[in-house]
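K.L.:
Listed below, chain by chain, are the residues.
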Amino acid sequence: MRLHFVPSAGMLFLFGLVLTPSLQRNLHAALATLKDITTDATDPTNLADTEPSIAVDRFNPQRIAVVAFSGSSTAAVGAPVWKSDDGGLTWRKVNQLPRPAGISSLPNDQKIAFDAQGRLFVAALGITPTNVIRCYIFRQTGVYDANLTPGQAYGDDQPQLDIDASPTSYLIGRLFSPFLSFAGVRQRSSVAYSSDGGITMTEVGVGDNSVFNNRTTRSAISPYGPAFIVYKTREGATADPNFEFAHFRVHRSDDGGATWNALGPSGVSVHGVAQVQTWFTTTWGSGPKLARARSSDAWIAAHTGDADVYVAYTHRDASGFGQVFVARSINLGSTWTLTRVTDGTRHSAFPNIAVAGNGAVGVLYVDHDGAGVYRQRFARSFNQGATWSEETLQSFNPATIPNAQDGFLWGDYQGLTAVGATFYGVFTGQSIGRTITQFDPIFFTQSATP
Amino acid sequence: MKTGVASAGVAMALIACLSVWGQRDTAAQILNNTQVWGPDFAAMFPYFQTWLDSGESELLLQGDVIKGMRVYKRQEDADRAASLWRSALRNPAPNWIQIHVINAYPDIGYQLAIQAPSLLLREGLTLQQIVSQFGPPQQVRERVITTQDREVKLISLKEYSYTNGAIVFAVESDSQAPDTIEMVFLNVSAVKAALSSEGFR
Numbered sequence: 001m002r003l004h005f006v007p008s009a010g011m012l013f014l015f016g017l018v019l020t021p022s023l024q025r026n027l028h029a030a031l032a033t034l035k036d037i038t039t040d041a042t043d044p045t046n047l048a049d050t051e052p053s054i055a056v057d058r059f060n061p062q063r064i065a066v067v068a069f070s071g072s073s074t075a076a077v078g079a080p081v082w083k084s085d086d087g088g089l090t091w092r093k094v095n096q097l098p099r100p101a102g103i104s105s106l107p108n109d110q111k112i113a114f115d116a117q118g119r120l121f122v123a124a125l126g127i128t129p130t131n132v133i134r135c136y137i138f139r140q141t142g143v144y145d146a147n148l149t150p151g152q153a154y155g156d157d158q159p160q161l162d163i164d165a166s167p168t169s170y171l172i173g174r175l176f177s178p179f180l181s182f183a184g185v186r187q188r189s190s191v192a193y194s195s196d197g198g199i200t201m202t203e204v205g206v207g208d209n210s211v212f213n214n215r216t217t218r219s220a221i222s223p224y225g226p227a228f229i230v231y232k233t234r235e236g237a238t239a240d241p242n243f244e245f246a247h248f249r250v251h252r253s254d255d256g257g258a259t260w261n262a263l264g265p266s267g268v269s270v271h272g273v274a275q276v277q278t279w280f281t282t283t284w285g286s287g288p289k290l291a292r293a294r295s296s297d298a299w300i301a302a303h304t305g306d307a308d309v310y311v312a313y314t315h316r317d318a319s320g321f322g323q324v325f326v327a328r329s330i331n332l333g334s335t336w337t338l339t340r341v342t343d344g345t346r347h348s349a350f351p352n353i354a355v356a357g358n359g360a361v362g363v364l365y366v367d368h369d370g371a372g373v374y375r376q377r378f379a380r381s382f383n384q385g386a387t388w389s390e391e392t393l394q395s396f397n398p399a400t401i402p403n404a405q406d407g408f409l410w411g412d413y414q415g416l417t418a419v420g421a422t423f424y425g426v427f428t429g430q431s432i433g434r435t436i437t438q439f440d441p442i443f444f445t446q447s448a449t450p
Numbered sequence: 001m002k003t004g005v006a007s008a009g010v011a012m013a014l015i016a017c018l019s020v021w022g023q024r025d026t027a028a029q030i031l032n033n034t035q036v037w038g039p040d041f042a043a044m045f046p047y048f049q050t051w052l053d054s055g056e057s058e059l060l061l062q063g064d065v066i067k068g069m070r071v072y073k074r075q076e077d078a079d080r081a082a083s084l085w086r087s088a089l090r091n092p093a094p095n096w097i098q099i100h101v102i103n104a105y106p107d108i109g110y111q112l113a114i115q116a117p118s119l120l121l122r123e124g125l126t127l128q129q130i131v132s133q134f135g136p137p138q139q140v141r142e143r144v145i146t147t148q149d150r151e152v153k154l155i156s157l158k159e160y161s162y163t164n165g166a167i168v169f170a171v172e173s174d175s176q177a178p179d180t181i182e183m184v185f186l187n188v189s190a191v192k193a194a195l196s197s198e199g200f201r
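Top to bottom, those sequences are chains W and Y.
The working numbering puts the first residue of the first sequence at 1, with every later residue one more than the last.
The working numbering puts the first residue of the second sequence at 1, with every later residue one more than the last.
Hints listed in this document are in silico derivations from the structure and should not be mistaken for laboratory results.
Remember, it's a predicted structure, so these values are computed and weren't measured experimentally.
Treat the hints with care, since some could be wrong.
Unchecked claim - Derived Cβ-Cβ restraints for the label pairs, each shown as a range:
no., chain 1, residue 1, chain 2, residue 2, range
1, W, T90, Y, T34, 47 to 53 Å
2, W, V273, Y, L52, 53 to 59 Å
3, W, I436, Y, G55, 39 to 45 Å
4, W, G102, Y, P39, 15 to 21 Å
5, W, P288, Y, G55, 31 to 37 Å
6, Y, R90, W, G173, 53 to 59 Å
7, Y, Q98, W, V204, 30 to 36 Å
8, Y, D77, W, N383, 37 to 43 Å
9, W, A101, Y, R90, 29 to 35 Å
10, Y, D53, W, A183, 46 to 52 Å
Ideal Cβ positions, reconstructed from N, Cα and C, are used throughout, including at glycine.
Taking the hints into account, I'd like the entire structure generated from these sequences.
P.N.:
Quick look at the structure:
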C-alpha cells in the first residue's frame, strides 16, 4: 500500500523551488503530488469528508476550492468550503454556505465552480422539514470568503454545476446545473440553467425517459458555447445483480440550455447501438466495507482549446470486469470513437474525466483487488485517448479506517479538473499526517505533459 | 455495538451506545417544560392516540413540522391514513392542525406531517440547556439513515435519549454547531402513555 511519496535526498533540491516539505511527491516517476486537505485542527471531529468536488480558478490557478461532506450548516453557521490560495500547498476551512430560509438540512449533493471573473459558485441540495428538496446556486456576491448567497430554489436529486468561463464562448457566464428529476412516472435527467449566476433558474427536462429511467447526469461546456450532458438510460437487470444494461447518451444544447435536441431527441449513444453493462449496485468492491455505485458510472469533459468532447463510462466487457472506457468526439457529439482505459484485470468504477489545455486527457477512477484493497487511480492520455498511462494515487483497505462507512465509502463521485497543463483532483482516501487514520479529502496535482 | 433497525424502507443503524445516567424528570414533565418547546407544541398533545391509530410508532419534530416516520410506498395508502387521521380530529382543534401527505425523504414514498405556525422547539435550544433542565441523557447513540432510493449522503444523527427513549433530542453528527438541538424523536406510544397520565387522552 502506498500512501504518499518521499523524494530521494539527492533529488530533493531539484524540487525545493516549487514544493514545500509538506507537499509530497514521487520523484522517481513524476507521479502525482498528494496533499491531505484537512488537519487535526481543521477537522477536529474526524469527519469522512466524502464525495468531494473541486474547482480551480482558471485565471488564477493558485486559487482552488473543494467541497465535500465536511459538515452540515446550522441556523447560525454555514457549511464549509475548503480553500487553497497557494496551488494546494495549504488549505483552510471557510464556513460560507448558509442555510437558506426554510431549509433544515444542507448540504447534501453538491458541486463547485468558478466563473470567468474568478467568483465562486456552489450548487447544493437542501431539504426542508416537510422533505421538499430544494437545490440552490450559492454565488459569491461579496469578498471571496464571505457567506455565499443562495438564488432561486430549483431541481431535485444529484445537482451538478458547470459555468461557461471561456473567453471564446458566445454564452460566457451561462450556468448549467444538471440534476435527476423524480417528479414524473420515470426519473429524468434534467438541467436548470441561468444567465444571472443562479439568481433565477429555468428547468428543462432533457433525458429520454420515454421507456427507461435515467440516471448519472453530468455536464460539460465547449469553449465556444455549446453545452453537453451525458446520462444513462437504465435498461434492465443483467444476470449479475451488480450490473444493469444501459446506454450512455449525450445531448447538446446550442442555445444556452433552453433546448437540448441538437443531437436529436434521444441524443447520441457514445458506444453505438449495443447496450453496455454498467454498475448499479450498493455492494461495489470487496472486503468488509463496500461502496455504492449507482450514479457513479459516467462523466463528460470538453477540451478548452478545441471542439473535442470526451465521455468516461463503465462497461463490463469480455474481460468479465467492469471497466472504464473513454469515448471521444471531434464533431460536437455526433460520432464517437472508443478506447478502454483500464487493463481488464480488476473491477473499476467511479470515472471522472478532464481535458487539459494542451489536449491531454485525465481519468480518475477507483478499482479493487477483490480482497478488500481499493486503489485510487489516475490515467493520462497524451494522444487523444488512443493510449493510456496509469498510476496509483493511493491504495487503502477501508476495513482499517474507522470513519469509512460501509455502503457509502467515498460517495457517488470524486473531483477532477484541469487548467493549463495541470490536472487538479480530489478523492476520498486515507489520511496523510493525521493523528487518527481516517478518510479525508486528498488533493492531487499531476502534469498534463508526458 | 452495531444494531440494525429497519423502519419503512429506511435502513437505520444504531451505533455506539455510550452511557446510562440517572434522570430527574418524567416524560410528562419534559413534554410540559416551556423552556424546551415552542408555543404550539402543547396543542399536539391530544393527537398522539391518532398518530398511534394511523400506524406511527415514531414522530420527528424538526423546525415547525412534526412528521411520522412511517413511509408509505403508495400515495393512496398515505391518503387513506391521512383521511383516518382527519376523521379522528377533535373539535375544536386549532386551524393549523391539518394532516398533510408529504413526499418522503430520503426514501421514495410518502409520510404524514403537520406544519405548525411556529417552531416546535425553542430556537437555539442547546444540549447544555437540556442537560441543565433534565439531567444527563440516559443514552447517547448514533443513528445512520440510508436509503436504497435516492443518492443521498449518509444522514448521521447523534441522539440524546431521555425517559427510556420516549423523547430523543438529536443533532446531525457533522453539524457545525454540535451543541444545538434541532430535532426531536418522540416514541408515540410512550408519549401517549405519559400524557394520558397527565389527563390527555
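K.L.:
Compare the structure with each hint and give your call.
P.N.:
Status of the hints after comparison with the structure:
no., hint, result
1, T90/W <-> T34/Y: 47 to 53 Å, "holds, 49 Å"
2, V273/W <-> L52/Y: 53 to 59 Å, "holds, 56 Å"
3, I436/W <-> G55/Y: 39 to 45 Å, "holds, 43 Å"
4, G102/W <-> P39/Y: 15 to 21 Å, "holds, 19 Å"
5, P288/W <-> G55/Y: 31 to 37 Å, "holds, 36 Å"
6, R90/Y <-> G173/W: 53 to 59 Å, "holds, 57 Å"
7, Q98/Y <-> V204/W: 30 to 36 Å, "holds, 34 Å"
8, D77/Y <-> N383/W: 37 to 43 Å, "violated, 58 Å"
9, A101/W <-> R90/Y: 29 to 35 Å, "holds, 33 Å"
10, D53/Y <-> A183/W: 46 to 52 Å, "violated, 32 Å"
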